[in-house]
Each structure stands twice: as C-alpha cells, then as structure tokens.
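Undergrad: Here is how the chains run, residue by residue.
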Amino acid sequence: MQNIPFVPKAQEYIAEKGFTLEDIGKEYFKPVVNRAYQRILDAILKGSTKSRLDDLDVELLSYPVSIAILAFIKDLRLASRFAIAEARRIGLELRREHENKILEIARSISWDVHLVNYVIRDELYTFAIHFKDYLSAPPPNDPFWKLINRPLINGYVLIRKQDLARLIEEYARHYIYNKIASTESVRLPETLSDIVSKIADTWYKKYPREREEAYGGGVFPPCMRKLMEEIKRGQNISHMARFAIATFLLNIGYDVEEVIDLFRRVPDFNERITRYQVEHLAGLRGSKIKYLPPSCKNMKTFGLCPGEDPLCLKVRNPLGYYRLSMRRRKKDEQ
Amino acid sequence: MNSKIKQLFFEYYRDNFTIDETVIGSFRQREYALVPFDAPDKMVRHLAFSEFSELKKYILRNVPLHLYYSTAYYNTPQARNMDEKGWLGADLVFDIDVDHIPTKCKEEHDTWRCLDCNAEGKGMPPEKCPKCGSSRIDKEVWVCNKCLMVAIDETLRLVEEFLCDDFGINRKDIAVYFSGHRGFHIHVEDKRMLRLDQDARREIVDYIKGNGIKVELFNPLPKLSEPGWRGTIAQGIYEILSMINEGNEFIEGLTERDIKYLYEHRESIIKALDDNTIGSFRMPKPLLRRLVEQIVNRKAVNIDERVTTDIKRLIRFPESLHGKTGLKVTKVDLSVITEFDPFNDATWLQTSIKIKVIERIPKLELGSLKLDLSPGDIVILPASIALYIALRGKGEMVELI
Numbered sequence: 001m002q003n004i005p006f007v008p009k010a011q012e013y014i015a016e017k018g019f020t021l022e023d024i025g026k027e028y029f030k031p032v033v034n035r036a037y038q039r040i041l042d043a044i045l046k047g048s049t050k051s052r053l054d055d056l057d058v059e060l061l062s063y064p065v066s067i068a069i070l071a072f073i074k075d076l077r078l079a080s081r082f083a084i085a086e087a088r089r090i091g092l093e094l095r096r097e098h099e100n101k102i103l104e105i106a107r108s109i110s111w112d113v114h115l116v117n118y119v120i121r122d123e124l125y126t127f128a129i130h131f132k133d134y135l136s137a138p139p140p141n142d143p144f145w146k147l148i149n150r151p152l153i154n155g156y157v158l159i160r161k162q163d164l165a166r167l168i169e170e171y172a173r174h175y176i177y178n179k180i181a182s183t184e185s186v187r188l189p190e191t192l193s194d195i196v197s198k199i200a201d202t203w204y205k206k207y208p209r210e211r212e213e214a215y216g217g218g219v220f221p222p223c224m225r226k227l228m229e230e231i232k233r234g235q236n237i238s239h240m241a242r243f244a245i246a247t248f249l250l251n252i253g254y255d256v257e258e259v260i261d262l263f264r265r266v267p268d269f270n271e272r273i274t275r276y277q278v279e280h281l282a283g284l285r286g287s288k289i290k291y292l293p294p295s296c297k298n299m300k301t302f303g304l305c306p307g308e309d310p311l312c313l314k315v316r317n318p319l320g321y322y323r324l325s326m327r328r329r330k331k332d333e334q
Numbered sequence: 001m002n003s004k005i006k007q008l009f010f011e012y013y014r015d016n017f018t019i020d021e022t023v024i025g026s027f028r029q030r031e032y033a034l035v036p037f038d039a040p041d042k043m044v045r046h047l048a049f050s051e052f053s054e055l056k057k058y059i060l061r062n063v064p065l066h067l068y069y070s071t072a073y074y075n076t077p078q079a080r081n082m083d084e085k086g087w088l089g090a091d092l093v094f095d096i097d098v099d100h101i102p103t104k105c106k107e108e109h110d111t112w113r114c115l116d117c118n119a120e121g122k123g124m125p126p127e128k129c130p131k132c133g134s135s136r137i138d139k140e141v142w143v144c145n146k147c148l149m150v151a152i153d154e155t156l157r158l159v160e161e162f163l164c165d166d167f168g169i170n171r172k173d174i175a176v177y178f179s180g181h182r183g184f185h186i187h188v189e190d191k192r193m194l195r196l197d198q199d200a201r202r203e204i205v206d207y208i209k210g211n212g213i214k215v216e217l218f219n220p221l222p223k224l225s226e227p228g229w230r231g232t233i234a235q236g237i238y239e240i241l242s243m244i245n246e247g248n249e250f251i252e253g254l255t256e257r258d259i260k261y262l263y264e265h266r267e268s269i270i271k272a273l274d275d276n277t278i279g280s281f282r283m284p285k286p287l288l289r290r291l292v293e294q295i296v297n298r299k300a301v302n303i304d305e306r307v308t309t310d311i312k313r314l315i316r317f318p319e320s321l322h323g324k325t326g327l328k329v330t331k332v333d334l335s336v337i338t339e340f341d342p343f344n345d346a347t348w349l350q351t352s353i354k355i356k357v358i359e360r361i362p363k364l365e366l367g368s369l370k371l372d373l374s375p376g377d378i379v380i381l382p383a384s385i386a387l388y389i390a391l392r393g394k395g396e397m398v399e400l401i
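Chains as they are written, first to last, in my numbering: chain L, 1 to 334; chain G, 1 to 401.
A hint or two may mislead.
[Unchecked claim] With a straight-line cut-off of 16 Å between C-alpha atoms, the simulated EDC-like cross-links for lysine to aspartate or glutamate are:
| id | chain 1 | residue 1 | chain 2 | residue 2 |
| --- | --- | --- | --- | --- |
| 1 | G | K223 | L | E123 |
| 2 | L | K132 | G | E189 |
| 3 | L | K288 | G | D206 |
| 4 | G | K191 | L | D112 |
| 5 | L | K132 | G | D190 |
| 6 | L | K132 | G | E359 |
| 7 | L | K146 | G | D199 |
[Stated by the list, open to error] Computed footprint of chain G on chain L; a stretch qualifies when at least three of its residues, placed anywhere within it, have a C-beta under 8 Å from a C-beta of chain G:
| id | region |
| --- | --- |
| 8 | 122–133 |
| 9 | 148–154 |
| 10 | 271–281 |
Note that these hints are calculated values from the structure, not bench results.
Positions of the beta carbon are idealized from the N, C-alpha and C atoms, including for glycine.
Given the sequences, and given the hints that come with them, work out the whole structure.
TA: Listed below in structure tokens is the structure:
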C-alpha cells in the first residue's frame, strides 16, 4: 500500500474506515491526530516529511486529518509549504520504487505512460509519456524541462525513471495544495484547538505574517501602500494594479514566491496563471526582461495614485520613492 | 456600390454556404460571432445555435462581413460573461499568417504609414514608427503568389514535421483551411488536446517556434536519427557542412572563421553525426550557439503564438467569406496545397466583373494574372479579383458580366 493520497487504493482504504470529523476528537483517534500534528510540524520546520510505516492505519488516516487541520487554519502559504513537503516525500519514495510500481501509480491518475527501453547518448530512457500529460505538471522554470529540450517522438516524451517520479511529485504538490485550498468551512472538534494553536504559533514564529515593517514604516510610496492594503483585505484589484505592485515588489528584492503568496489573497487567485505572470515580470520567462513598475505619470493615468506626499514630488517612479526613503532611513539610523 | 458587394455576399450565403455537419464538432457548445455588413466596426458576440441550419437562417437576416466561431467549447456559449460560459475545453489551433513572416516581395506590395507623423515606408510594417515612435501605424498589405508560397511551405512543415512526426497527431484529426487572406488555419480536433491549458499550449508553441532551446544540450553533437529537435539540429549541421563542402564561402549567421573551423573538422563532425559510428564531437560553444540559432531559424515554423495560446479564441468559420478579400475560408487538401490559387480555389464566383480603378494598386501577381493598374483604368477582371479590389476600396464595381 502506497502512502500516496491520490492513489485510488489509498483513497478506498480511507473511505472504508469511514470516520467523521467528530471521530477525530475521540480518545482512540489520538495517535492519528498526533501523527497529523507531527507531519505538519515536519513540513514547517524541516520542509520535508517522512513516512512512518510501523502503523499503516495511523499513517494513512493522518493524511486526511492533516488536510482538515490545514483547511481549518486556511493559511495558503502554510498549505503550500505542506504540499511541497509531502510531495517531496512522495517523490523520494517513488525514486526507490520499481519501474512497474511507478507505472501503476502514473496510470492510476490516468496518465498515458508506457515502459520503453531507449538509449540516447548513454542515457537510458525507461518511460514514454504522452505530451499532454507531460505538460500537465511540468516542474516550473527549468530549461531542462521545456518540451523543446526533450526527445519527443510520435506524441510521446522520453523520460527517465527519476523524471517520472519528479512529474508525479509535481502532480502531488498541486493535488494536495488544491485539496486544502478548496476544502471549505471545516469545523474541528474542540479537543483539537490546542494542536491548532501550537501549529499556528510555530508557523508564524518561523514565517512572520508579512514584512510589515517595510511597507508600514513609510518606506513604500503611498500608491504601493494602498495596493498592499487592498490586497490584504482580499479586494479584487485591477490588472494594471497587479502589474504595478508585482513589478514594484520584484524590483525591491521580493522573490517570486513571496509575490505569488501575496496574490493568494485576491479572490480570483489561480496559482499557475499568477506564477506564470509573476515569473514573466521577474524576467524569468519569455523576453527575459525584468519589468519596471509604471511611472508616476502612468500610475495617475490608471487612477492608481492616491495623492502625493512631499517625497513623491522628488521622484518620477514609485521605485525612486522607495530608494530615496531607504537611503534617508539608513542615514537616520547612523 | 457597397450594396452590390453586400448583395454578392448575401447570394453566396443563400446559395452556396454549406458545411458538412462534422466540420465543427459539438456545434451547440460553441460561441458564434460576426461583424455585420452594415456596421463594420461592431462585433456581435455570444451567439449560440443548436445546428448549422439555424446559424444559416440567422446570417441571411444579418449578412456578415466576417463570421467566427470559438475554438473553445462551453457549457453556456451564449453567456455574456466569460466566467458564466463554463469553459469545457478548446481545439488546438495554429495560425500561419504572412503578416508575421518577413518575405522579400513585401517590399514590392506592402506599405505602411504612421498616423501621427505621416512617415511611411515599404515592406513589413514596423511595430513602432522609426521616426516618432508612435505605435499607431496604418498598413496596406496585399495577397500575392510569392507570399502565399511561403505560407504554404510553413503549413506543410508544421503539419508533417511537427504535428504528425513529433506530436503524433493523426492526419485525419487535422484540418487545414485557407484563412481567406494571407495564410492558413490548422485545426486539430483531438479529444486528448481539449483540456490543455495556456501554459501547456505555450510549451507547444515554443517547441514549434524553436523558443528556449538549450544550446549546451547539443554538446557532444547529437546523431542524425535522434528524435525531436536533437535530430533536426544534427541534420541541420550536416546540411551546412555539405554547403561548405560544395564551396560555399558565405553562410548566414556564421563567420569566416566558423566556416574554416567546420571545414577543417568536417570528417570528425560527420562521423559524430553518423548513427552507425561511435564518434563523438564537442563543438566550441560560441560556434555551436551560432549554428543552433541558424538551424532553428530555418527549421522552426513561424506560427502566430497568440492564436494557439488563447483558449477562448474566435476563429473564422469554415466556408465563410473574409470581408477584406471576398475570399472563402476554404478547406485545403494537403496533397494539392502547393497548387492552391485562392482567386480560383477559394471563390464561388465564376463570372467576370467590370471594374473602375479609383486608387493606386501596387504591381501584383494574383494566381495566373499579373496586375498593373492605375487610377481611371476600366477593366474586366475575374470576379474574385474584382471583388477583392473593390473590398480594398481601390475600385468600383461597374457591372457583372
């Protein structure tokens, strides 16, 4: 039995157990809840989890319990962290499996995959996967994974064993993340409140909610401060506004993940689209040009300028404001 | 004058407009759209019909200058809002349009003019005016035999080398249509492709256009029979070596030193490319980069990426008329595509039309006809060509003959 949540066998097994959210609160469920707690904690602190197969029941049941807890907390950054950690575990375990086993798992998610034996330049390709499935979950922005850099014959991409494991890993990441993000209004039993607050504490200690000091402390220009606040309130801001805030943050040193995380709060958030766009703006895709935020003039044209403060009058671009205010702050500190 | 053209369009749609029911799969799940003859600046969208005869009834009452359908399938195609439509999937489509491909003959028949500073020039229109930087550029482009040959060549390579060989798409699932203007639309109706998202489609586009190829992966050199781009690059290097061997001293994109190097190492390179030997060869990286770039330029197909990556695209309806040319969006059999002559094969008009030329027309080769017309000329032309000139506003139809 695989410790892989989307494999039909595992799903059937869990379904057969037929437990409810109420059961989770019961004493006899304690080992499962503790294991779920440990899994989440490992994800937060180590960025990876490990299977514990001494009690398979506990191990398999602790997965849906973890999902319930995370769906209750609904911090999508944490969801993403957990999904990555679990996916990584699955990827590692798969790499150690026999080819036939990996093939079975890939087929269980309806992928069109075949065992082949193809040697190109001393490299052994053991699988051929249809390009539609290959393209359904490619690991992001690595030229090695671009279709153009892959042997493609008659609709099938030739891949190695570890590549198929990696593709399934990526599938797992999306699957687990979407499970948490799409599970609505979870009501956990009272007995779990202790665990939930411990998880939240650990998480926010390791990853403070925001870089509050940066944008609250007056180093952000008024326009960007306003946009940050709107996003945090979960408002649906315009395309141009998204472009402006994303390019601004990327240019002052936020990384792609941080910007994507910020956008998780907008109502129509779609990770793949956002990722694509943010990576594009960061110059990781397409034209390889890192975009600058719109000039103050253009910000005004698009109705994104909430009115100027004295420092605004010295600059022509929101970035200029940030650089100037950072310089002033440094001076003050000295 | 305009009413004469409208009458022609109306008669076409009334008497000649038919399609095989299977041409557009899932007819009910598509969105239809048209630009009315009487309001050429307007696009009427979000139309839905349960079958072709219903659509036909509608367009006989509202004669279209252009007629479109969605490559996408929707739950509720008539919904006005994209979110409410309920996207179910989309055909994979490709657009090959000479507008996006530089051809030599454009210097002879295409012109552009900047709407802001009136600068003008010949050939492919620039994206921005070289004089004032404005992007408001008016262009005048014409169909010509040579341009069309380029589009035909690209279409054949797209279908045969990429879609069939590399992507394994069945020929019977591929339909090629003349776009009605300067190119071809290639429709792939394969259930497996329906749910591909934008990112996946972009990967397919990048593959076909040769974007993002990683040069380092071609060192040591690949063998001729390797699949995908690896084999293509090997074949390209082989072809360049043959050119050098035949005494070519100039090869686009390569320096004199490159050519000398290739010539001196030709034997070991050929051995490395050959499938039957174990030879291996590492090329100096800058030279390899220039070689790969050159080969990609030659072997990639210049498709319009916006059409393929847009999963909610409207595309011309088969057998409809293109309002700028009067030519029919015509299904073309690949086995005879090289013989394709739009003014003969993409028209329903068999007659001639007497036309008075009112504005300058560049010298053009259209089908078997060489045109050299000046304002004031009154000539009798094949009806398809006369209609084309009239729709371009360069002539007035005098009478049907």
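Undergrad: All the hints need checking, so say for each whether the structure fits it.
TA: How the hints compare with the structure:
1. G:K223 / L:E123: Since the Cα atoms of K223 (chain G) and E123 (chain L) sit roughly 14 Å apart, the hinted pair holds (cutoff 16 Å).
2. L:K132 / G:E189: Holds, at about 14 Å.
3. L:K288 / G:D206: 14 Å, holds
4. G:K191 / L:D112: 14 Å, holds
5. L:K132 / G:D190: 11 Å, holds
6. L:K132 / G:E359: 51 Å, violated
7. L:K146 / G:D199: 11 Å, holds
8. 122–133: holds (count 3)
9. 148–154: holds (count 7)
10. 271–281: holds (count 3)
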